[in-house]
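Novice: Residues per chain are reported as follows:
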Amino acid sequence: MRKLQAALVVVALMVVAAALSSCGSSGGKEGGTLTGSFASFPELDPNIAYTAEGLTAMYGTYLPLLTYAHADGEEGTEVVPALVENLPEISKDGKTYTMTLRKGLKYSDGAPVKASDFPASIERMLKLNSYGTPFYTDIVGAEEFAETKSGGIPGIEADDQSGKIVIRLTRPRGTFVQELALLYAAVLPAGTPAKNLTADPPPANGPYEIVEVEKGRGWSYTRNPQWEKSNAARIPEVPSGHVDKIDISVVRNSATQVNEIERDKADWMQTNVPADLYNKVKDRYEGTQFRVERPINIYFFWINVTRPPFDDLKVRQAVNYAVDSAALERIYSGALAAAHQVLPEGMPGHEPFNLYPHDMAKAKSLLEEADPPDREITVWTDNESPADEAGAYYANVLEELGFDVTLKTISADVYFQLISNPSTANLDTGWANWFSEYPHPNAYFEPNFSGESIGSTNLSNTDVPKLNEKIAKLGEEPLGSRQEDEYAAMDREVMELAPWVPYGTNTVSTFVSSEIELDDVIFNPIFGQDLTSFQLK
Amino acid sequence: MDGRSPWYLAYRRLRHNRVALGFGALLAAIVVFVVAAPLWADHVAGTGPNATHTTERVEVDGEPREVVNREGEPVGPLWLGAGGKFFLGADGRLGRDEMVRLMYGGRTSLFIGVVAASITVLLATILGLLAGYYGGRIDGLIARALDVVWAFPVTLLGAALGLALATGGLGIGPLQISGESLWIPILIIGVVYTPYVTRPLRGQVLALREKEFVEAAVSQGSGPLRVMFGELLPNLLSTIIVFFAISVANTMLLESMLSFLGVGVQPPNTSWGTMIADGFELITSAPLLTVIPGAMLLLTVLSVNVFADGLRDALDPRAKLRLEAHAGKAEPEGTAI
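Just so you know, the sequences run in chain order A and B.
Numbering follows the numbering used here, in which position 301 of the first sequence is assigned residue number 1127; successive positions increment by one, without gaps.
Numbering follows the numbering used here, in which position 207 of the second sequence is assigned residue number 252; successive positions increment by one, without gaps.
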């Protein structure tokens, strides 16, 4: 009898546990339809999508071999297995990655997920000249394939029987695990046409599939019919989602997006709340329907260290002391968290410090010491708010410091093209920001401070041989705690050279209707809001 | 009975047009207002048009107030509460003095309006004289060239040229103009309006060249240049003056449109158009930042237009009769006089 009672208690507990787990932590309901709005229509093809909108739209739809944890903050930067059983085994020389596909996985059309789909997807991405191409050209034969678009990639071996996938690189690449988890490497069925499939997205392997697309106007998701049957239990790292259907419409006016949420006509807006409504929305809804999120990015003023007067370290330090991030926080209407170093918060290796706390008197005295003969400088910025205002503020600070400033405000469409072109005249200093595709410190140092990146992304023209060596060496090593410490030291070393004036991380907002459980909404620092986390009350 | 010159008669007619004179006085007041910008900036506001005060505080009736609060909201109009500082408040998140910028912005808008209109009228006069006097191939060539400009809507052409030149500037031989120079919008606006003034001037030259005084000048051996600039031009002056006044209003409007779109006046310069664009982002929280420069633009354009109307009536009273006849208010030209 006791045994029977114990068994009943165990069964009852299991039923309660199952019910709790299906309802989620907050007790919101399962099912229903989520309605959301985006300000622009993204590419709905995972191998080519590169915008924040595209990443958010397909995080819960297309899975690569690895993925980023469906979690907020630093936890969300962790790479976890998705279609493969474990994280890759990396050979001692750092050039061979071995993984095994999980068995029994299916696409939304019922077709099995096969190991050979992975090389086919990488080939498709290269054929489409995806923005992701540079991340995978260290695979043996990939560079040649990217040029010829034929002949296969000998550096990837895939065995459909065992599910074993072996990737061979031409050189060690410390960031490759993070790159394998990007959407560019999402696995699609072999034979998926090598053309932009936004209008008719390919079969999904994640919890949702895109079912209807009205190009330019919106799209819808339903649950992937194969997910619960075949994939969910095999991929515990990826949540199944709560709502049954998601309808997305494109609403180009963000004030209208806000208005629709306030009137419960939409449940969520992917776009930031616009600046003029930001404080009103924040005051009224923070904590219940509104939350400030901190993605991984850094906003800064670059200083060309090769041109006078900025070839003098003291002048660059003076500029660092002169810029007041408190003023810039106001210029960004509160949507900026002050930062004074290269690596932003949330990035592995980030250890907070501030070498140049705002001190105008110290800035002026340093400039007096340096006494540069050439004080005519050009400040560059783009014409989108608030970059134009940040540039105007910076120009004003430099004038106050004693420079003769010409402010050039350039159309945002051509701004980065223009300032990264070495033949552009008078590239002295200006505004910029940096978002990396994946959370790895190398993605900040190599493009911005390596001599090899001069003429493209290294706007400050920093070229210090010892620093170049360190960047190259660390770039070959997978990220571990020792590497994180070394990147933290590098962060300080770079800021001692003062080639940048970092001033903050641009925060973004999550704004949902009163029908949504705000606490459950996950904001992944790479993919943004996680559609699988939305739950109706 | 003493003979009176046509200019004196025009002055007498204008003096009796109270509405035109009233708006003329308003225009003069606006000009004085913008010309006084440095005085206000130096002696009252104590700041320049581009100086930022983002983290500063200002004393209002003995109480310190943030120029821009932590959420980026600018202080509203303080009128004389801070001794004239931030009279109309701060312009936005940069905390620049709105009143100072309004005055300096007005200088830019009026300067562009007057100079661009001068360019339009100068080009149109030369082209109209050449086309109307010579006729034939020269007329055809000029007409086709103007058709090319005319084929595009003014705003679209202005925006396209502004976008192209705002980044790279303009370089024609030794003439180099940087993208942020005020001369870029001035030249663009001056050129795109030229066909609209050339056509009517050409028509008038066509009519004048058949007159006896032109035949007399030619028969006395006057060359084409002398006839065009010595005989025809003085007879076009009243029309040119009227077109100039109307063009000032149009060029100011186009400047504000281009600046609103970001392809006109470039930062750090300011004009009423850029101020409207800057304020537009805060339209719900600080509507005055858009309304005040917009109202100044409206008043200026209205006063220029009404005054130009009065000027036209004064210089060419038959034109008024023609217009009224067209509207059915008077007898057609020729029967009433």
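Any given hint could turn out to be false.
Between beta-carbon pairs, the in silico distance windows are [to be verified]:
(1) ASP106(B) x SER1249(A): 32 to 38 angstroms
(2) PHE78(B) x ASP1185(A): 53 to 59 angstroms
(3) ASP1026(A) x PRO219(B): 56 to 62 angstroms
(4) GLU973(A) x PRO219(B): 52 to 58 angstroms
(5) VAL80(B) x SER1249(A): 41 to 47 angstroms
Which residues of chain A face chain B? A partial, calculated answer using Cβ under 8 angstroms [stated by the list, open to error]:
(6) ASN912
(7) ARG1156
(8) ASN1222
Note that these hints are calculated values from the structure, not bench results.
Glycine residues also receive a C-beta, built at the ideal position from the N, C-alpha and C atoms.
Novice: A separate judgement is required for each hint: does it hold in the structure or not?
Specialist: Consistency of the hints with the structure:
At about 56 angstroms, the beta-carbon gap between ASP106(B) and SER1249(A) misses the expected band of 32 to 38 angstroms. Separated by about 40 angstroms at the C-beta atoms, PHE78(B) and ASP1185(A) break the suggested range of 53 to 59 angstroms. For ASP1026(A) and PRO219(B), the Cβ-Cβ distance of about 57 angstroms falls inside the hinted range of 56 to 62 angstroms, so the restraint holds. In this structure the hint that GLU973(A) and PRO219(B) lie 52 to 58 angstroms apart at CB is violated, the actual value being about 46 angstroms.
Restraint check, VAL80(B) to SER1249(A): a C-beta distance of roughly 42 angstroms satisfies the suggested window 41 to 47 angstroms. Below 8 angstroms, beta-carbon pairs count as interface contacts, and ASN912(A) has none with chain B, the closest being about 47 angstroms; its hint is therefore violated. Look at ARG1156(A): its Cβ gets to within about 5 angstroms of chain B, closer than 8 angstroms, so that hint holds up. Because the beta carbon of ASN1222(A) sits about 4 angstroms from the nearest beta carbon in chain B, less than 8 angstroms, this interface hint is met.
Hint violations for this structure: numbers 1, 2, 4, 6, all remaining hints satisfied.
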